[in-house]
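K.L.:
This is what each chain is made of:
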Amino acid sequence: MRTLAKRLAVLIALLTVAVVPALEPPAAAGKLALWRLKTYIPPADKILDANAQDCAKKAGIELAIQTYTFDDMWTKFTAAIESKTLPDIAELDAVGPARLANLGRLADVSDVVAAATKELGPILPNADGAVKFGGKYFAVPHYAIPLVLFYRSDILAKVGAEPPDTWEDIQRVSEKVKKAGVQDFPNGFPWNRTGDGYDPAMSLLWSYGAAWVDKSGKFTGIPKAQGLEALRVVTRAYLADKTSAFDYLSWSGATNNEAFMAGKITLTPNGPSILFQEESTQHPLLKDTAIKLMPKGPAGRNLALTFVMNWAVPTDGKSQKEAKALIGCVMTRENFVKYMTGSFRQMVPLFAKALEDPYWNTPTGKIVVDTVKQGHPVGWPGPTTPAAAEVVSGNVLTDMITRVIVDKVTPEAAIEEANKRIKEIYDRLPVK
Amino acid sequence: MRGATLARWIVLAVILAVVFVPMYWIVVTSFKTGRQILLSESVYVPRPFTLDNYVYLFEESRFALWIRNSAITATASTLLSLFIGTAGAYSLTRLSFPGRRTFGGIVLITYLVPPGLMFIPLYRTFIGLGYTNSLGTLILAYPTFLVPFVTWLLMGFFRSIPRELEEAALVDGATRVQAMVRVVLPLAAPGLLAAGLFCFTLSWNEFLYALIFIADDSLKTLPVGLSEFVVSDFAFWGQLMAAAALASLPVIVVYIYLHKYMVQGLTAGAVKG
Amino acid sequence: MNVLTDRHREQLLGYALIAPVAIFLSGLVAYPFLSAIYLSLTEKTVGYPAHFVGLRNYGALLESGRFRIVAWNSAAFTVGSIVVKLVVGMAMALALHSVVRGNQFIRGILLLPWVIPTVVIALTWKWLMDLFRGLINVALIDVGAVTSGVHWLGDPTLAMVSVIIANVWRGFPFFGVSFLAAMQTVPQDLYDAAAVDGAGSWEKFWRITLPSIKGVVAVVTLLSTIVTLNDFNIVYIMTRGGPGAATHIFATYSYELGIMSQRWGLAMAASMASLPLVALLIVAVVRYLHREEE
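The listed protein sequences derive, respectively, from chains A, B and C. First residue of the first sequence: 1, per the working numbering; consecutive thereafter. First residue of the second sequence: 1, per the working numbering; consecutive thereafter. First residue of the third sequence: 1, per the working numbering; consecutive thereafter.
Since the hints were made in silico from the structure, they are not lab data. Please read these numbers as outputs of a predicted model, since none were measured by experiment. All C-beta atoms in this analysis are idealised placements derived from N, C-alpha and C, irrespective of residue type, glycine included. No false leads were slipped in.
Computed beta-carbon distance windows for the label pairs:
1. 175/B - 23/C: 20 to 28 Å
2. 75/C - 363/A: 51 to 59 Å
3. 181/A - 283/C: 56 to 64 Å
4. 104/A - 99/B: 46 to 54 Å
5. 68/B - 195/C: 53 to 61 Å
6. 141/C - 35/B: 17 to 25 Å
7. 72/C - 410/A: 15 to 23 Å
Derived coverage of chain B by chain C (criterion: at least 3 residues anywhere in the stretch with Cβ under 8 Å from a Cβ of chain C; other residues may be distant):
8. 120-134
9. 238-249
Every beta carbon over 12 Å from chain C, so not counted as near; a handful from chain B, in silico:
10. 50
11. 62
12. 68
13. 164
14. 168
15. 183
16. 186
17. 189
Extracted from the complex, chain A is given alone in its bound form (with noise of 0.2 Å):
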């Protein structure tokens, strides 16, 4: 026993002195932090950070890249936000700029703005609300992934429909294909608390005249007969008709793209992602993937672009001059071609001349840049405001959907319940 007792303390000592060094937290002194996210394209990853520590030496300064996912991204956020650690150069999604904004806590980037339009032409105007208030621009657009609809096209023509053009015809189309026994839940819609379920819900209530506010932005609530019209349509597969599965209501961001992958299923929204994965694994359903444009209903097709991201410079930091320049040499047009032209055809941009490229000239590209062209920015009609960036990342929307599916409460119930919560928001969060 005392040998034992030795033994460990001599291993207790020599473990504590290993330890001690570590506790130091990260030395920041002349260094500029730059958050990006993790994105499943690697390879365009890594050209990205290249050209941003290309733009960095440059520039006679040291930079220090970290990463999030997309699950932890408001984590890591809000944790910064309240520790006032935010980074010297944030890419922030969505929302992110409209939130950080209003806090006073984002630095104006008009001018880089300025830069980047010589660069790669003028931003696109439905990407505005995201980024302009006040008249003055407080985020750079980086890229978009649009949300489209993939479906088998294969399947479609063994059962002789048209791909479909409305909410209504993905009903139709799933029960075509469900009667004829091909699939038992070919309806891959996930009204989920991913981007894949809250961006098609944003679609769908939109396109039935179904918005919360008006174009001031300021609270309407969602109307109620435009309202149950929508729930009704989505609510179907899951309740009447059965063409979508429980499950699918709990996926994951990747799960809908692995159900597609391995046949299960032949209608889903999704980034241009499945075609990247389908291609780079010689997929023996890439001949058999199309993808169209997300359905329009009876007020049009007015799609949600929820999937933006965008370059701020937080005020937390104390090097805000560098880090202007530092996005504008990222955002050059030599540099933002070379990672546009890396990314598998998943990164869009937002800016008019850069969209023009021929590298989107294909028929998937020409799709995908319709989608970035004419999609609205999260707060529809009206511009991004905290308290809709909070409805969004609240899962109002998709909440709704679900308590009528999962808890069987009726579509006028949901409604209203969404409306109250989505009031509420409004009150806390007024519009200025």
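Dock chains B and C against the given chain A, drawing on the hints supplied.
P.N.:
Positioned in the frame of chain A, the structure of chains B and C alone reads:
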């Protein structure tokens, strides 16, 4: 009689099978290629068999770094908790001073404050202290749920050691502290070991605090690093399972070696505590 | 110079040794806990300063349909997990009790689930239960038990069962090992005497084993209940509380309120909800143990 024995073996077999299946699935998946997993080819046995996922872990991802961070955090938290807890347990069981009983009760109650509740206020406390985004933050945070358990466990252990032994040492001229170190601690070694293993395991596995308190990529611990393999539209199951296998290996090895003591210590604490 | 009496010295040493615990727990447990209580009485959106609103958060939660579902789920998850862990743990202990050969080795293997990181366990069970490609469904279809995949994580009721399964898998060894150790302290004479009286296995278990290990059963159950009631990882990773809110429990709900909706005051109020239950349990178990001691 035979019926009972048969029943026992059946129960054991079922439990062993249930324990085995997930571990088998981790190992099997870790040796499959991405395409195989995507297309559900050859589900039960990896064919083709590949080491790519393991190679990726060390070449492309920062797996080794995560292990280092977890090892440092777990070790330091364990040591800190053992030190604080042992001192406290000894004081509460062997020494008498006013307020002892109340304090003992309070220590045990703090065990019941759940981390799921504490993550925000604890984070705000660290922000107030200006000490976040460091492994040290975790090393200070983990004992908040480790110390109460260590204290409780060792209290049970100390109580089971006869006072006469210490008193004999005192009579021989030793001070209280010397008596504690030379007589009581060695006898409580199984308890210390059990508590230490328990602390190490809980720290090694901790996810929520590590996710929130640490921002730097280079300071990520293993559980947080594992969650990186799910990248919104892509779940890299092969690499994830390879990482899972390797992440579990150190703790498994330690346990197989020392589980005898761990059980001893745990049950002494539970039975007598 | 012996200014201090022995008793004083003992008291000083007592305080000195308890000081680290006291400082640590008051600074990093008591203080944050009290601040949590205060936070729960404020409206605090991330980035904005907190302002006092009294019991409004609690009122909002009580009115919220979602919160009631969360409370119910937490109860179901906890009770379900504990009951199954009790049964399986007891079965494991009984089975190993009279096995002589390989006892240590088997017990070591059976401890593994408790040792493997919870994150790994949650991810693995999620992967095992994948609708189309998980091992469970693939095997079930291959042996013809079902014709299409079971919706382990998709059906609202089954999803709760699935997270309970993962929780049980992780936690039953703790029960089993503790019960086993306690059983092994029961004197053999009691069993021999009972055998002479003609008692069968079941009676031996019910009349001798169980009463003898009651204390350990109570303590282990209490500890596990508290841990399970506030479990975060398993549900968060396997279902994120879905489908809908079918598996949403206090910890995941609080996280969602705090991080996704950025409302810390409300998140704290939601976490506090589990405390009255915990307090009741503790009081009940402590009283029970005290009674047993007499």
